[in-house]
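Going down the list, the sequences are from chains Z and W. When we follow full-length UniProt numbering, the leftmost residue of the first sequence carries the number 1, and every step to the right adds one. When we follow full-length UniProt numbering, the leftmost residue of the second sequence carries the number 1, and every step to the right adds one.
Wrong hints could be hidden among the right ones.
Note that identical chains are pooled: a pair holds if it fits in a single copy or bridges any two copies.
Simulated crosslink set (BS3-like; lysine-lysine; CA at most 30 Å straight-line) [claimed, not checked]: (1) K79 <-> K150; (2) K304 <-> K340; (3) K185 <-> K162; (4) K53 <-> K340; (5) K31 <-> K304.
If you're looking for bench data, these hints aren't it; they were derived computationally from the structure. Every value quoted in this text rests on a predicted model; they were computed, and no experiment measured them.
Number of protein chains: 2
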Amino acid sequence: MSTFFPMNNGDAVYSYSRNSQIQRELLDGAKEMMEESIIKNLDIKNILSSSNKFHITDLGCSIGPNTFTSMQHVVQVVKEKYHDNNLEFQVFFNDHVTNDFNTLFRSLPVDRSYYASGVPGSFHGRLFPSRSIHFAHCSCAIHWLSKIPKELLDKNSPAWNKGLIHYAGASNVEIVNAYVVQFEKDMEMFFNARAEEIVQGGMMVLVSPFSGWDSLNFFGSSLMDLVNEGMLDESLVDSFNVPIYFPSPDDITKVVEKNGCFSIEKIELTYPQSKLVDEADAKTFIINLRATLEGLFTNHFGSKIAEEAFTRTILKNEEISAWMQMNYKTCQLFIALKRK
Amino acid sequence: MSTFFPMNNGDAVYSYSRNSQIQRELLDGAKEMMEESIIKNLDIKNILSSSNKFHITDLGCSIGPNTFTSMQHVVQVVKEKYHDNNLEFQVFFNDHVTNDFNTLFRSLPVDRSYYASGVPGSFHGRLFPSRSIHFAHCSCAIHWLSKIPKELLDKNSPAWNKGLIHYAGASNVEIVNAYVVQFEKDMEMFFNARAEEIVQGGMMVLVSPFSGWDSLNFFGSSLMDLVNEGMLDESLVDSFNVPIYFPSPDDITKVVEKNGCFSIEKIELTYPQSKLVDEADAKTFIINLRATLEGLFTNHFGSKIAEEAFTRTILKNEEISAWMQMNYKTCQLFIALKRK
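Okay, chain Z solo, but in the shape it has when bound (with noise of 0.2 Å):
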């Protein structure tokens, strides 16, 4: 069974392209990184040897409008380091095949200097010809898990889930444990699939959140306030699991290891400075969670019960707002990879 669910689509009001401020600002403070990573590791005249075609991919790259920021970031690096103006630029826009690609494809930057292509699927398989990726982007997208590990919701397993919706908060270790490994398993695909896609010396730079998702729990809450009050049963609760794993460090490079065809040029936990924290701003901040997570709580709930949840999440916006300033880092995993 598959968990995926696209970023509500669209431009309505909690459509992802007007909701994705907390992905911008990861991708903000990961634009310094990928500039000097670049500059660092990319060898383009070794990589393309006679042709001048420079292939880009940003996976999992939803509707826009944060990728359209990175890819257009990217090309213009790249441009910089070789004032090459025969140098051509093809994007490959990915993300699963119920992503949203009209919005996308209509929201692209008249004024781009790339020929644009959509590829739908998911990148825990094969994306493109073998050896035909010189840079592959990826910016909050791996820490989605491709199913819910079924151990969360077996009774009789130590790692049900009883009550809560994802592992942040969770006594039980099993369950952060369940979580791991169906990372690790996630990974491996990932990274079988770019080792074949990406050419020999060509980058991959990854960007995951790391924290700020234990605000999950707040969600969880107003489902449990529901069961309190009769109106969900607390079976569709333990049943339910936020398909989410915010990697470590560690975590990343346990993978990287295994698959072996990649060197860790970088990899470092940042903590950039979020708008939302400064302000306090609980509101956006849920809002911007709901365009992410309202597909997920539909599916499993219906749409009622997820729009009773999200609107009684907003009602306790006091107390998160408190909660972000006591303990709300905007935090962020950066790696960057070279294809041996």
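Chain Z is already provided as a structure; the job is to place chain W on it using the hints.
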């Protein structure tokens, strides 16, 4: 002003995906010729040199299923010709940015033997990096003009197309000339772009319908019925022209020679057997045209009048059956070109 309106999207009763039999009959008719042309003209070892990646594009692909049939056929023929298990195929599905790529991607055959991607944009301009395409296919698409020549809308011009919606049936030669001039301008841009994008020795196959579209007059006369009943202002009919021109072999030869970068390997008018004609299945025929033209009609007349015009045309069912048996013959123009 662009005149492009996509085929009816989704998969509902009047959608293009369910109503594209005419287009499929053309493709079936072209199948054998395409196979012969590939076998005779494609020198894959030369055009790929040391690479094993073969890039195909379907220009103006719409939303399927016809495009999947053609692309699989091209892949199959190339595979059978070369028996090279290392060959990898990447197919670029192209259509206007308003095309329903979500439906296209969601209906991609699961057992396809190529990597799929979508490329949004007009084929009258550049879509791909230079020398990056090995085989371009374009079926039932070049006859769509990029815009309606303005003379057709000018009351003082000899090309004013009063009371009609197409050059078919127009008595004034200036009207058809205006269509021809626009077609030549469009094809100049089309061939200039493809000359940059297709590798030396690469191929392009064009298939275009050549007749049968005088049936557009049935829609025109339904519109004039509405005018006569006072439901529609005549000036709205006078200012409406279907932006479709059916090129002759001479038209194509002229634009190819002007461009100078392609050799014509085969150019042929054929008359494939049509199930629609055998059964004089006027209803299917009209619904098929509707799936293709509804967006265009709705944009100009509004959905109420467009709907009314289509309903009335279906009522002309018997008249159209009789006309089909007397006059209609599926006729297509097949062109195989090679990049010099």
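Which hints, by number, does the structure contradict?
-> Going through the list in order, the structure violates hints 1, 2 and 5 and respects the others.
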